[in-house]
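Visitor: Given next are the chains, with one letter for each unit.
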Amino acid sequence: MEETFTYRLWRYDGAQGELIPLLQSAQEHFGYIPRRAIKYISAVTGIPEAAIYGVITFYSQFRLQPMGRFVIRVCDGTACHVSSSRMLIDAIQDELSIEVGGTTADGLFTLTTVACLGCCSLAPVMMIGDETHGRLTPASVRRILKDVRRKAAEAPSESPKPACGVNP
Amino acid sequence: MKKLVVGMGTCGLSAGAQASYDRLRELSQGSECGLSITGCIGMCFREPLVEIREEGRRVIYGEVTPERASEIWNRHVLGGELVSDWVAASWSGGEAGGSERDFLALQKRIVLRNCGIIDPESIGEYEEQGGYSALRKVLFDMTPAEVIEEVKASGLRGRGGAGFPTGLKWSFAAASPGTVKYLVCNADEGDPGAFMDRSVLESDPHAVLEGMIIAARAIGTGHGYIYCRAEYPLAIRRLETALAAARGRGYLGGDILGSGLSFDIRIKQGAGAFVCGEETALFASIEGERGMPRIRPPFPAEKGLWQKPTNNNNVETYANVPWIITNGAAAYAAIGTENSRGTKVFALAGRVARGGLAEVPMGMSINDLVMGIGGGIKGGRTFKAVQMGGPSGGCIPASLGETPVDFENIPKTGAIMGSGGMVVLDDTTCMVEIARFFLEFTQNESCGKCTFCRIGTLRMLEALERITRGEGRAEDITLLEDLAGKIKEASLCALGQTAPNPVLSTLRYFRNEYETHILEHRCPAGSCLALVEFRIDPGKCTGCTLCARNCPVAAISGERGKTHLIDTAKCVKCGRCLSSCNFSAVLKA
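Heads up: the sequence lines are chains A and B, in that order.
Note that this note's numbering gives residue 119 to position 119 of the first sequence, counting from 1, and the numbers run on in steps of one.
Note that this note's numbering gives residue 109 to position 109 of the second sequence, counting from 1, and the numbers run on in steps of one.
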């Protein structure tokens with residue numbers, strides 16, 4: 001991503017309807033939307049901070065807290081739901097000792113659920129970062145998490161995927 | 001000369017297509033055999049799919065792991081032998097074969113005409129299939145009014161759910177006064193269980209772009225937006241590639257193909273709000289606001305995006321348009337039923353054996369879809385119901401399986417066509433729990449503007465939660481029905497107006513399940529955790545002790561290496577033993 005948040009802000013030319021793309025690139029840049037990003041955006045666009053905050057809290061993509069290096073999004077759409085996605089969530093909560101919405105103490109994982117990833121015929125499904133995993137069982141989920149953890153330990157310097165860039 | 005084609009839609013990729021593609025690339029290096037990618041052909045249940053094309057023959061192999069890819073390479077590509085065990089579908093001469101040949105044979109593919117055939121990242125392949133010839137026809141051989149008449153005559157109705165006649169909608173926007181107008185493509189496919197728009201965008205993005213450019217000509221607008229869910233990163237990437245390629249060929253931008261039409265399209269990414277699928281909320285979101293619906297009238301054709309005349313259609317609707325222009329309105333109108341012309345793409349998912357995308361003529365029966373194309377229920381269980389229309393829809397029981405699927409007959413059952421999601425439910429699905437699931441969804445996604453939608457759905461959800469916990473009260477059913485009527489009446493947009501549908505339709509057909517939960521504290525489907533008992537299958541238990549270590553109340557006993565036992569008196573039914581067991585030895589009933 002060469003197009004960083006500041007670059008985008010600099011280029012802002014007063015065009016209508018740019019608030020959400022600006023927030024998306026802020027989140028891409030920082031991993032979440034820090035207070036100072038709201039201040040910048042408000043100063044440049046002239047939109048009051050309170051209104052920006054209102055938009056942030058309306059959309060589930062935006063986060064006001066930092067996220068883990070790997071964002072796990074378990075699909076709880078209809079097809080996944082009837083294919084026991086709840087059991088996957090339980091297994092992940094158990095494996096990582098976090099609740100939905102939480103981040104592990106080592107900052108590696110954040111667990112979220114999503115309404116539907118649109119991979120219904122591979123249900124139950126989850127995404128870790130940008131990668132989709134399908135036809136899961138509690139056992140395979142635990143295996144995948146261990147794999148990710150091992151690889152992360154092997155390559156700690158590798159920059160994290162845009163945890164909440166194109167897809168939060 | 002053989003050519004290998006790997007299915008690389010999201011469904012293929014999440015089943016591991018990348019590794020198979022990498023393996024085939026290694027193997028094919030230096031050989032004459034071509035290798036390319038394609039989108040989704042719809043047989044998601046057999047992903048990853050690899051097709052081998054050669055003179056007079058096409059073979060699609062299913063579940064192609066890298067190991068299988070090597071074997072297929074050696075035996076089929078090099079050896080010329082058909083590896084028949086893994087063939088999902090094949091065509092040789094005029095003859096179809098393979099275990100899933102019915103899946104494709106029963107379909108009529110218009111929207112999906114290029115899906116799984118062409119490389120979605122190559123505009124050249126789209127053009128080879130006749131792509132952008134409809135646009136040329138519209139630009140040089142037809143007037144805008146003739147285009148609108150053609151779409152009207154085809155009988156095409158909006159595929160996003162409401163089914164409004166597309167040509168009529170275009171004529172309103174065209175007739176609206178003003179020099180600045182907008183064209184919007186709604187790709188905010190939010191219904192859980194629907195994934196046809198994602199698939200079309202990933203597999204044939206140019207079809208959508210061509211449809212939009214044709215609409216732009218018909219209506220007279222220079223600015224287009226595609227509002228796509230951020231949850232579809234691959235669709236957005238392929239759209240961006242397609243937009244750049246279309247600009248490069250002069251299909252987008254100023255003075256398109258020298259016709260004088262100037263039109264360009266921007267992608268706007270959604271930010272995760274289901275209500276933004278509602279068009280006025282979608283406009284608010286494009287404008288950078290909270291995505292809250294606005295009062296209609298004025299309708300979008302008069303005052304839509306930025307208060308300008310706007311035409312909004314969904315992905316599948318636009319993808320139909322080039323075919324209609326090329327083949328003529330009469331050819332399209334000849335398919336389907338009296339008031340529902342053409343085809344519809346359905347996303348089959350849930351407990352169905354063949355989950356995937358299928359495009360069929362309007363009016364095909366639910367049974368033909370689920371049992372014929374879908375191949376029946378997974379694991380030989382019993383077909384109980386089909387959920388159509390997502391959170392705004394309803395459950396149609398198996399007893400109404402002969403209902404034709406079209407805009408007239410589906411609403412009579414209490415469900416809606418919706419965008420075409422069909423989630424098949426079997427006898428292990430609890431209908432109260434399904435209703436609760438949808439109410440939780442709409443409750444979460446209610447934007448909060450209308451009181452009945454904001455608070456009424458919460459009260460309904462609380463009642464449903466009570467019932468699934470076995471704490472339902474006798475008056476809860478009446479309460480649900482009462483609230484449902486009021487929410488429908490007092491909500492501004494379709495989200496609230498339809499939110500009670502899943503509850504009403506399950507009450508209509510499965511009222512006894514509600515009553516059993518409330519009066520007998522029992523879940524007939526054995527699904528509601530609070531109402532079932534857990535036990536361990538001695539035949540499967542290996543005595544690994546994992547469940548015992550995971551049990552928060554120490555209700556599981558047993559020595560290492562011996563069958564474990566659950567003390568049902570102590571058990572709090574949290575389900576952790578079930579989710580932790582690696583041998584599927586924990587049963588609930």
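These are computed hints drawn from the structure, not numbers from a lab.
Each residue gets a CB set at the ideal place from its N, CA and C atoms; glycine is no exception.
Each hint should be verified, as a subset may be incorrect.
[Claimed, not checked] Examples of chain B residues lying across from chain A (beta carbon under 8 Å, computed): (1) T10; (2) G167; (3) G193; (4) Q387.
[As the list claims (entries may be wrong)] Here are some, though not all, of the chain A residues that point toward chain B, as calculated from beta-carbon distances under 10 Å: (5) W10; (6) P48; (7) A51.
Visitor: What hints, given by number in increasing order, does this structure fail?
Guide: 2, 5, 6
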